[in-house]
Amino acid sequence: MKHLTTPLGDEVLSLTAGELVTLSGTVYTARDEAHLRMMEDGIPFAPQGSVVYHCGPVIQDDEIVVAGPTTSARMNPLTGFILDAGVKGIIGKGGMSAEVRNQMKGRAVYFAFTGGCANLAAARMKLEGVHYSDLGMAEAVWQIRLDKLPLIVAIDANGGDLFATAIDYAREKFQQMYQ
Amino acid sequence: MCFSPNPALYARIEQGTAEAVRLSEIYLPDDVKSRLVDAYNGESSSVPRQELANILENIRLAEERKAPLCQDTGIPVIYITIPPGIFWTNEMDQAVYAGIARATTTTPLRPNIVDPLTRENTGTNTGHGMPPVHVTSGDRFTITALPKGAGSENVSQIKMMNPSEKALIPKFIVETMLNAGGKPCPPVILGVGIGGTFDKVAALAKEALLEPVDMMTPYEQEICDAVNQLGIGPMGLGGNTTCLAVKVKSAGCHTASLPVAVNVQCWAARRATVEVLI
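Taken in sequence, the protein lines are chains V and F.
Read left to right, the first sequence gives residues 1071 to 1249 (the numbering used here).
Read left to right, the second sequence gives residues 82 to 359 (the numbering used here).
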């Protein structure tokens, strides 16, 4: 298993869909509202080699209570500009569109983290800071340090996509079962 | 008959509701855990095995950290049974809402309930007539909390089928999961309502999620096997387990109708029951 550390570099280009990895180092949470704000006002952290986590955590007294992934598909139309700015990794659940898969080619990867595993995530995290706190707890950009979070490379930089493979298979199977 | 207010009982209802919500958010029922262990043992590839290993580790950590299993703490749908001699009153509804608001700060829960159009958050997980409180008669006074997350709720389906389409019910259920893919955080449990009216069938589908998942009828098992043939797998990444169980509840319906509803439930199938002493 590969152990990756942020900031990410060209090592992401050789990762392949289906590979199990761990990730350590700083990541930034961002959901719908944060993406819209970053489009308007700019990205509030150094984007080159950075990793964005689709997550709206529960924070209490500056501690991360739970912080599982949210559905990445909502960010499909909002992702191109952060990849253009140099973001090399996105963590989320459920995968992203064919458009984003194409935008990632040759420069970035998508890591799946298990949906609902908010405690497992929190147990591997330390809160470092916050940007755009006026957006509220779920939508703010939280700066978080990861310690070996277990991830799966679900969309690689060469167009490999586990979600697309699984759903294509499911469609074919459904046709066979109920034709 | 004359009803006198009973503040001590209202306080116990509030306390019982807060406790049912807290327990449901942190401790997954044993029958669900056991199905997830079966699912882990039924996978041979590294990706679905890692997903299920993460889920099992997360369940253990939630208990250890006494924190909610998932950050989408859902909308706590409430089911209450009241014994003979007890009459449900508006004050009791208010006590249930107070219990949910209390659990929101003490568990803690993410505040999830907003106005549907302004999207303004009430901050308490109550308000605008929510969450639903279903009261039925029973032997004991019990409060059950079923927190329902949005990811799986959003891919649920209802269909007013023709009575002649009875044989197509399994196809509709399997198709619901095909369209859902990885979005509802599989492996899922499918609560199915058959019959009733447009509104009743959705309620049946959700009530089916209160049933234990360690037993299935041959009809439920057949549909569950068909869903698993899709190979969507844990989190939609591919694998043998897409569905842990199918549970069906039915009711009579109009001779010209065949309502069917599928309420999709993520792997975090949370429910807990607390008894209120009277």
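The set of hints was computed from the structure by calculation and includes no laboratory data.
Here the structure is a predicted model, which means the values were calculated and not measured.
Just so you know, not all the hints are guaranteed correct.
Stated by the list, open to error - Stretch-level coverage of chain V by chain F, calculated; a stretch enters the list once three of its residues show a Cβ under 8 Å from a Cβ in chain F:
(1) 1144-1150
(2) 1226-1237
Said to hold, decoys possible - Taking lysine to aspartate or glutamate pairs in the EDC-like style, the calculated list, with each CA pair at most 16 Å apart, reads:
(3) F:Lys252 / V:Glu1242
(4) F:Lys114 / F:Glu256
(5) V:Lys1218 / F:Asp306
(6) V:Lys1072 / V:Glu1089
(7) F:Lys252 / F:Glu292
(8) F:Lys247 / F:Asp220
(9) F:Lys147 / V:Glu1133
(10) V:Lys1196 / V:Asp1132
(11) V:Lys1243 / F:Glu256
(12) V:Lys1175 / V:Glu1242
(13) V:Lys1218 / V:Asp1080
(14) V:Lys1196 / V:Glu1081
(15) V:Lys1072 / V:Glu1198
(16) V:Lys1243 / F:Asp306
(17) F:Lys240 / F:Glu256
Ideal placement from N, C-alpha and C gives every residue a C-beta, glycine not left out.
> Has the given pair, lysine 1218 (chain V) with aspartate 306 (chain F), been kept, meaning a C-alpha gap of at most 16 Å?
Replying inline: Violated: lysine 1218 (chain V) and aspartate 306 (chain F) sit about 36 Å apart, past 16 Å.
> Within a Cα-Cα threshold of 16 Å, do lysine 1175 (chain V) and glutamate 1242 (chain V) meet the stated pairing?
Replying inline: 26 Å, violated
>> Is the coverage entry for the region 1226-1237 of chain V by chain F consistent with the three-residue Cβ rule at 8 Å?
In response: holds (count 5)
>> Hint check: lysine 147 (chain F) vs glutamate 1133 (chain V), CA-CA at most 16 Å. Holds or violated?
In response: The given pair, whose Cα atoms are some 14 Å apart, holds under the 16 Å limit.
>> Given the hinted pair lysine 1196 (chain V) and aspartate 1132 (chain V), is their Cα-Cα distance within 16 Å?
In response: Status holds; Cα separation ~10 Å.
> Does the structure keep lysine 1243 (chain V) and aspartate 306 (chain F) at a Cα separation of 16 Å or less?
Replying inline: With a Cα-Cα distance of about 13 Å, the restraint between lysine 1243 (chain V) and aspartate 306 (chain F) holds, given a limit of 16 Å.
> Is lysine 1196 (chain V) within 16 Å of glutamate 1081 (chain V), Cα to Cα?
Replying inline: 25 Å, violated
>> Would the hint linking lysine 240 (chain F) and glutamate 256 (chain F) be met if the CA-CA limit is 16 Å?
In response: 12 Å, holds
> Between lysine 114 (chain F) and glutamate 256 (chain F), does the CA-CA distance stay at or below 16 Å?
Replying inline: Given that 16 Å is the threshold and the Cα spacing comes to 26 Å, the pair is violated.
>> Given the hinted pair lysine 1072 (chain V) and glutamate 1089 (chain V), is their Cα-Cα distance within 16 Å?
In response: 8 Å, holds
>> Check whether the Cα positions of lysine 247 (chain F) and aspartate 220 (chain F) lie no farther apart than 16 Å.
In response: 35 Å, violated
> Is it true that the CA of lysine 1218 (chain V) sits at most 16 Å from the CA of aspartate 1080 (chain V)?
Replying inline: Outside the cut-off at roughly 19 Å; violated.
Consistency note: the structure conflicts with the earlier hints numbered 1, 4, 5, 7, 8, 12, 13, 14, 15.
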